[in-house]
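For this one, chain D is given, so just place chain V on it according to the hints.
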Amino acid sequence: MTAARIWALHLALIAALFAAQYLLPPYHVTNLARIMVLAVFAMGYNLAFGYTGLLSLGHALFFAAGMYGGGLLSYHLGWTALPALIAGLAAGGMMAGAVGLLALRTTGVSFMIVTLMFAQAGYLTILYFGPTTGGDEGLNLPAAGRSLLGFSLSADGPRYLVALGLFSTALLCCLGIARSRLGRIMVAMRENEERSRMLGYNPFTVKLIALVLSGLFSGLAGAAYGVLFGYVGASFATIQYSILPMLYVLLGGAGTVIGPFLGALLMFYLIDFASGLTSAYLFFVGAALVTLVLFAPKGILGTIRERWLGWLP
Amino acid sequence: MSFGPFLLLALMEGMVTAAVLALSAAGLSLVFGVMRVVNVAHGEFYMLGAVIAWFVTTMIPGSPAVAFVAALVIAPLLVGALAAAADGLILKRLNYDPEATIVATIGLLYMIQQAVLSLYGPNANPVAAPFEWRIQLPWFGYSGYKLFVVAAAATLLLAVWALMTRTKAGLVMRATQIDRTTARAFGINVDRVYMGTFALGAGLAALAAVLIVPIQQAHYLMGGDPLLLSFIVVIIGGLGSLRGTLLAALIIGLSDGVISMFFSPTLAKILATLLVAMVLVFRPQGLFGARA
Chain D
1 MTAARIWALH LALIAALFAA QYLLPPYHVT NLARIMVLAV FAMGYNLAFG YTGLLSLGHA
61 LFFAAGMYGG GLLSYHLGWT ALPALIAGLA AGGMMAGAVG LLALRTTGVS FMIVTLMFAQ
121 AGYLTILYFG PTTGGDEGLN LPAAGRSLLG FSLSADGPRY LVALGLFSTA LLCCLGIARS
181 RLGRIMVAMR ENEERSRMLG YNPFTVKLIA LVLSGLFSGL AGAAYGVLFG YVGASFATIQ
241 YSILPMLYVL LGGAGTVIGP FLGALLMFYL IDFASGLTSA YLFFVGAALV TLVLFAPKGI
301 LGTIRERWLG WLP
Chain V
314 MSFGPFLLLA LMEGMVTAAV LALSAAGLSL VFGVMRVVNV AHGEFYMLGA VIAWFVTTMI
374 PGSPAVAFVA ALVIAPLLVG ALAAAADGLI LKRLNYDPEA TIVATIGLLY MIQQAVLSLY
434 GPNANPVAAP FEWRIQLPWF GYSGYKLFVV AAAATLLLAV WALMTRTKAG LVMRATQIDR
494 TTARAFGINV DRVYMGTFAL GAGLAALAAV LIVPIQQAHY LMGGDPLLLS FIVVIIGGLG
554 SLRGTLLAAL IIGLSDGVIS MFFSPTLAKI LATLLVAMVL VFRPQGLFGA RA
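Heads up: the sequence lines are chains D and V, in that order. Numbering-wise, the first sequence is residues 1 to 313 according to the numbering used here. Numbering-wise, the second sequence is residues 314 to 605 according to the numbering used here.
Chain D on its own, in the form it takes in the complex (with noise of 0.2 Å):
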């Protein structure tokens, strides 16, 4: 009863999102399709911060290598947008891989700190490479780089479901970790350390595990951003790339499947609207993250699923 209630659920989210790119304006539509590769970014991070208590503050390397990884590909050596994508989510992978077996054998503040100077590093290295990597004033992809299967991803349809595309598949796959054994350890790790190894998990492997496949979804959803937008840049490597997709998952609610989603929704569109009104918009992304950890720690779905539908995946 519960599964079905869950899976008609999700799956209806899926399908007012197909239905929206009739009835929204352009404008919307582009940003929706914008919102759900970051939405699978978030997903990602919640993966690692959510479910198995992983802050991180360096995601944006896992980003930017995927945005790089499938970028640099398709820029250099004129890859197509499909084995880019590929290229790009197993850098991510390949990044959280390389970062974790290092920033893992730390904990709490200092995990937090390792990361995000790794993510420092990374950025630095980016822009210490100029020449190849365009630096601060980034790549224009070829659009060569931009056809999947023969299709323009510059034009709006195939762009947007492509998008919905690859976010549905990651909503579906962390809704599958997550009911998973494997996501009810992580969970497990977050809780309780200590005694999750005293029941025989060991906590290096399952947050290592859990980090990878942050990874793979940060880096996918690198990739997808550079190849459907067309632009590769060093300012998707900047720390502001690792504290948004906290803030969305802080928003929608940490350790939900449609949190991530729900978060990067209303954050993208108060940012859009408080872009409107001033150049110091990014005040609130500061407001937000400090109301939010002063008076909602558990964020919107959080507080839902505790006081009402406590099925919420």
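Don't take every hint at face value.
Claimed, not checked - Going by beta-carbon spacing under 8 Å, a handful of chain D positions derived as facing chain V:
#, residue
1, F118
2, T205
3, L294
Said to hold, decoys possible - Calculated pairs, DMTMM-like style, for lysine to aspartate or glutamate (alpha carbon to alpha carbon, straight line, at most 20 Å):
#, chain 1, residue 1, chain 2, residue 2
4, V, K405, V, D504
5, D, K298, V, E412
6, D, K298, D, D136
7, V, K459, V, E326
8, V, K405, V, D492
9, D, K298, V, D504
Simulated from the structure, these hints should not be mistaken for lab results. Nothing here was measured: the structure is a model prediction, and the numbers come from that model. For every residue, glycine included, the Cβ atom is placed at its ideal position computed from N, Cα and C.
For chain V alone, kept in the frame of chain D given last:
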């Protein structure tokens, strides 16, 4: 110039960086040591110090020296007051939970930075040095003010050290650092100690910025680099240890000066950040001394 004088110049520039860095890192280290709070907004307190110094020096006419001294007093006080308010309104309510405070101070970082962008604008503005004086070395002339910065920072650090080891306030802070429950049982008002420590840490960052602002310019994004470098220094020196912080500031400042002069500043930063990550992974108590 041949290699020798070049190296000397690099080392002198490195000394200035090290002096300012030691001051702002001491603030970060103090806050972490006593309160166990990683203050990500530390760089913004630094930036605020510089911006307030610019406001003060433009408001006070006449001799730049008077205006500068006024800035040296007013900036840390204002920034300290803001930090105390942030502590009371935000950090205290979070019960100083390490992860929640990091998220909250990230929020604070954006709010301060963007508020300054609105009120002060995106321009970089210079502040006049309190005096013009150049020392003529055989190979190059050097700004006397930069040497003053090194001396002033050293004096201030000495004062912080004396405060921590020779006064009642320092004793109370150290007691709170070692065991806050026992300190509370002995009648120490831990909330007030925390508020004072947070204000003092922010004030030190502001002081460092007032000292440096005649050399650099006041800009709303100037807090990023000092934050990163202070983190690096505090971690390499051992979280919460003042002596280690000083030693690490010297090492990072001097090597930053030398590497930036002979190689690329970006490369210097990449190496420094990776070094920090490795230190935290393999030697979490820092390179020097035991865990504080």
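Output the numbers, in ascending order, of every earlier hint that fails for this structure. Hint check: 2, 6 and 9 fail, others pass.
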